[in-house]
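K.L.:
Chain by chain, the residues run as shown.
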Amino acid sequence: MTPALEVSHLTTQFTSGSGKVTAVDDVSFAVMPGQVLGLVGESGSGKSVTLRSLLRLLPRTAQIEGRVIWQGQDLIGMSEKQLRSVRGGDISMIFQEPMTALNPVLPVWLQIDENLRTHTSLSASERVARARELMDLVGISDAPRRLLQYPHQFSGGMRQRVMIAIALASNPKLLLADEPTTALDVTIQDQILKLILSLRDKLAMSVVLVTHDLGVVATTCDHMAVMYAGRIVETGAVSSVFAQPSHAYTRGLLGSVPRAGTQRSQLLSIEGTPPSLSAIPKGCSFHPRCEFATDICRRSTPAMLPQSATHAAACFHSDRVIAAGSPVGAQ
Amino acid sequence: MTVALTRRPVLRLIPRPLLFGGILIGLSLVLAVFPAVFAPYDPIAFDYNALLAPPSRAHLMGTDNFGRDVLSRVIHAFTIDMQIAFFGTVFPFVIGTLVGALVGYAGGTADAVFGRVVDAVITFPFLVLVIAIVSVLGPGLVNMYIALGVVGWVFYARIIASEIKIQKRLDYADAGRAMGYTPMRIIFRHLLPNAITPGIVYLMTDMALAILLGSSLGYLGLGAQPPTAEWGVQIAEGKNFMSTAWWISVFPGIAIVLTGLGFSLIGDGMAELLRTRK
Numbered sequence: 001m002t003p004a005l006e007v008s009h010l011t012t013q014f015t016s017g018s019g020k021v022t023a024v025d026d027v028s029f030a031v032m033p034g035q036v037l038g039l040v041g042e043s044g045s046g047k048s049v050t051l052r053s054l055l056r057l058l059p060r061t062a063q064i065e066g067r068v069i070w071q072g073q074d075l076i077g078m079s080e081k082q083l084r085s086v087r088g089g090d091i092s093m094i095f096q097e098p099m100t101a102l103n104p105v106l107p108v109w110l111q112i113d114e115n116l117r118t119h120t121s122l123s124a125s126e127r128v129a130r131a132r133e134l135m136d137l138v139g140i141s142d143a144p145r146r147l148l149q150y151p152h153q154f155s156g157g158m159r160q161r162v163m164i165a166i167a168l169a170s171n172p173k174l175l176l177a178d179e180p181t182t183a184l185d186v187t188i189q190d191q192i193l194k195l196i197l198s199l200r201d202k203l204a205m206s207v208v209l210v211t212h213d214l215g216v217v218a219t220t221c222d223h224m225a226v227m228y229a230g231r232i233v234e235t236g237a238v239s240s241v242f243a244q245p246s247h248a249y250t251r252g253l254l255g256s257v258p259r260a261g262t263q264r265s266q267l268l269s270i271e272g273t274p275p276s277l278s279a280i281p282k283g284c285s286f287h288p289r290c291e292f293a294t295d296i297c298r299r300s301t302p303a304m305l306p307q308s309a310t311h312a313a314a315c316f317h318s319d320r321v322i323a324a325g326s327p328v329g330a331q
Numbered sequence: 332m333t334v335a336l337t338r339r340p341v342l343r344l345i346p347r348p349l350l351f352g353g354i355l356i357g358l359s360l361v362l363a364v365f366p367a368v369f370a371p372y373d374p375i376a377f378d379y380n381a382l383l384a385p386p387s388r389a390h391l392m393g394t395d396n397f398g399r400d401v402l403s404r405v406i407h408a409f410t411i412d413m414q415i416a417f418f419g420t421v422f423p424f425v426i427g428t429l430v431g432a433l434v435g436y437a438g439g440t441a442d443a444v445f446g447r448v449v450d451a452v453i454t455f456p457f458l459v460l461v462i463a464i465v466s467v468l469g470p471g472l473v474n475m476y477i478a479l480g481v482v483g484w485v486f487y488a489r490i491i492a493s494e495i496k497i498q499k500r501l502d503y504a505d506a507g508r509a510m511g512y513t514p515m516r517i518i519f520r521h522l523l524p525n526a527i528t529p530g531i532v533y534l535m536t537d538m539a540l541a542i543l544l545g546s547s548l549g550y551l552g553l554g555a556q557p558p559t560a561e562w563g564v565q566i567a568e569g570k571n572f573m574s575t576a577w578w579i580s581v582f583p584g585i586a587i588v589l590t591g592l593g594f595s596l597i598g599d600g601m602a603e604l605l606r607t608r609k
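Quick mapping for you: the protein sequence lines, in order, are chains A and B. Using the numbering used here, you'd call the opening residue of the first sequence number 1 and step up by one each time. Using the numbering used here, you'd call the opening residue of the second sequence number 332 and step up by one each time.
For the record, the hints were derived by calculation from the structure and aren't laboratory data. Hints are not guaranteed to be accurate.
[Claimed, not checked] Below, simulated DSS-like cross-link-like pairs (lysine-lysine); rule was C-alpha separation at most 27 Å, straight line: (1) K173/A x K202/A; (2) K496/B x K81/A; (3) K20/A x K570/B; (4) K194/A x K20/A.
Let the hints inform the model, and build the full structure from the sequences given.
P.N.:
Written out as C-alpha cells, the structure reads:
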C-alpha cells in the first residue's frame, strides 16, 4: 500500500534575533490511507510546528526543508497558488481553540459557504444543501436555524463541530488536527474524537492528530510518533508502543499517565523540563533527564532503529528500556 | 427572568453619551437636509432696512451687516458643514483603512516604510500641513477635501494596521490560510471586519475635528467662499463687529460647539459600548 502522505527529512528552522532555532529536526513519517497517526509530545516538542510545516502555515521567518509528498507532489516545493488549492481542499486542518478559530463576525453558513466557493464548483442552492448536510454530518441538529447563527452562539464543543464541518466541506482526504480537544472538557472531548473517527470511516480520510494526551492516542490512533525536542524518538503501532516502549522518554510519558481500574501505584514523572529550542543538548537530547543515560548518549545522536516491522526507536539503550517493562503493561 | 432580560428597554442599553450625541447629530442632519423648511428667511438675501439688527422677534439671532438673517444663515450652514464632516473624513477613512489593512497584514519592510511615512506626516502640525496644501491648490471646499485626504489617512491607517497586526495572529486567520483562502480574502473578508471598530470610533471624533477645521479654513478664507453660509465664514464676517454686533459670530460658534460635541459624544459612546461588549 502506498502512503497517502509521506514526510521525509522535514526540518523547520526559525530565524530569530540570536540566530537560527531548529523547531523540527529531520522528521520522517508516513500516513497510510484511512490511518490515524498520533503525534505525541510535551509542549515545545515541535509537534504543532511539524503539523503546520506540512502545509507551510508558518510565519515568514520559518525555513522549511525536506519533502512532504502528497499524491506524487512535493508540498514544500509547490508555489503558493498551487498550495492554496491543496489547503482546505484535499488537506484540511482544525485547531486547538474552537473559541478563536472561527471568525467572530461572520455567521456560520458564510464560513462554510466560503470554503465551498473556494474549493468546489457547486451552485448557490447546492452549497446551501451541502452546508446543511455538513451540519448533520458533524451532529449539529436544527441546521437551518443554526447555520444563521454566529460563533458566539455555540458552545465550545459545538464550535469545534462547526470547525470540523468547515474543514470537511470539500471532502478532504487528509485531516490535520492540532490538539482538537485540548480546550474542551472531557465528555465533549470524547464526543469530538468519536466524531473524527466515524468521519474517518465514512469519508475514508487519513488523520494526523497532534496531542499531548496519551489517553487520546490510545483510544483514537492506529499509529503514533513520539516527539522530543523537535525529533521523532519513537514510532510504531499504538499497541506495540504501549506494550513495549523502547525509548526512555516514551516509557517516562506512559508512566506519567494516571490509570483508573488498576492497583494504586506511584505515578512516574520525568525529572526536569524539556530543553529550550535554542539550547538543545548535544548527543541524545533527552540524556539530561534520562535514567538510562550513559556516556554514549552525551556524545552522539542515536539513529532510528527498527524494533519490529512497524516499530522503531532512536535510543542507544532500547534493550534496557524494554527490559524495564512498560508502565502500562500489555494492552 | 429571561423574559425580563429580553424586555429590558433598549434605551437603557445605549450609553448616555451615544444617546445625547445621536440626538444632537440627528437634529443637525434634519436641518442639513431640509434647511429651507426651518429657515425663516433667504440666507443670502440682503435687507437694508435691518442692518446689524440685534436679536428680536423678527430675527431671533439678529442680522449681519448686510441685513441677512443670522438664524437662516446658521441653519443653511448645516448643509455645508455636515457635508464637510462627511467628505472631510470619508476619503481619509477609506484610504487609511485600505492602506492600514494591507500594511498591517504584510508587515516587514512595507510596515517599516509605512512607519516612517507616518512619522513624517505627524511631524508637521495637522492644521499647518492642510493650510499649506490648500494654499498651493487654491481655496475652496474641493481642494480642502483633497488636502484632508492627503494628510488624514495616516491616522486611520495607523489605527487599522495595529489592529490587523493583532487579528492576523489569531487562530481564525490561520484557519483561513489553512482553508486555502487568498491573502486578499483573508484581509478584507475576515480580518478587517474584526479590526475596523476602533477606526469607526475615531471616524466620529474626526468628524468633529473636520467641522472645526472646515470652519477654521472658512474663517481664513481658504474653505467655503462667501457669500455661502458656513459657520467659519460667518464668524470671520462678524469679527469686525464683535463689540457692537456679537450675535453675528456667537451663534455660528454655538452651532460649531454643539455639532462638534454631538460627534464627540457619539465617538465616546461607541467606544464605551465596545468596551462593555468585550
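K.L.:
Which numbered hints turn out to be false for this structure?
P.N.:
Hints 3, 4 contradicted; others consistent.
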